[in-house]
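Make the full structure from the sequences, and use the hints.
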Amino acid sequence: WRITHMVVPKEQALRCTDCHGPKGRLDWKALGYDKDPQKKG
1 WRITHMVVPK
11 EQALRCTDCH
21 GPKGRLDWKA
31 LGYDKDPQKK
41 G
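So in my numbering, spot 3 of the sequence shown is number 3, and the numbers just go up one at a time.
Some hints could be false.
Using 25 Å as the maximum straight-line C-alpha spacing, the simulated DSS-like pairs for lysine-lysine come out as follows [unchecked claim]:
1) K40 / K29
2) K23 / K39
3) K39 / K29
4) K23 / K35
5) K10 / K23
6) K10 / K35
Have a look at the derived ranges for each label pair, beta carbon to beta carbon [stated by the list, open to error]:
7) D34 / P9: 29 to 37 Å
8) H5 / K39: 33 to 41 Å
9) Y33 / I3: 32 to 40 Å
10) M6 / L31: 37 to 45 Å
11) A30 / V7: 24 to 32 Å
12) D34 / I3: 39 to 47 Å
13) Y33 / V8: 35 to 43 Å
14) P37 / A13: 32 to 40 Å
15) D36 / A13: 32 to 40 Å
16) V7 / K35: 26 to 34 Å
These are calculated hints, taken from the structure and not from any lab test.
Just so you know, even glycine gets a beta-carbon here, dropped at the ideal spot from N, CA and C.
What follows is the structure, encoded as structure tokens:
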């Protein structure tokens, strides 16, 4: 296995909105949160 196995180039790295945006990839309820914990209120 190469040392870069499963590591994407920096241009493809995740950004905050990849998880915390309207189309975020995390299922916050499945993780035990009522909603995205980043959102206050």
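Here is how each hint holds up against the structure:
The suggested pairing of K40 with K29 holds, with an alpha-carbon distance near 16 Å, which does not exceed 25 Å. Note on K23 and K39: the hinted pairing holds, with a Cα-Cα distance of about 14 Å set against a maximum of 25 Å. In summary, the hint linking K39 to K29 is supported, as the alpha carbons are separated by about 14 Å, within the 25 Å threshold. Taking the CA atoms of K23 and K35, the gap is about 13 Å. The hint holds against a cut of 25 Å.
A threshold of 25 Å between alpha carbons decides the hint, and for K10 with K23 the separation of about 21 Å falls inside it, so the pair holds. Distance check on the hinted pair: K10 and K35 sit about 29 Å apart at the alpha-carbon level, beyond 25 Å; violated. Checked against the hint of 29 to 37 Å, the C-beta distance between D34 and P9 comes to roughly 35 Å, which is consistent with it. Between H5 and K39, the C-beta spacing of about 35 Å keeps the proposed range 33 to 41 Å intact.
For the pair Y33 and I3, the beta carbons lie near 35 Å from each other, so the given range of 32 to 40 Å is met. In this structure the supplied range 37 to 45 Å is violated for M6 paired with L31, their Cβ-Cβ distance being about 22 Å. At roughly 26 Å, the beta-carbon separation of A30 and V7 lies within the given 24 to 32 Å, and the hint holds. In this structure the supplied range 39 to 47 Å holds for D34 paired with I3, their Cβ-Cβ distance being about 40 Å.
Take Y33 and V8: their Cβ atoms lie about 26 Å apart, and the range 35 to 43 Å is violated. Distance hint check: the CB atoms of P37 and A13 are about 21 Å apart, inconsistent with the given range 32 to 40 Å. Separated by about 20 Å at the C-beta atoms, D36 and A13 break the suggested range of 32 to 40 Å. One distance hint, 26 to 34 Å for the beta-carbon pair V7 and K35, holds here, with the actual separation near 31 Å.
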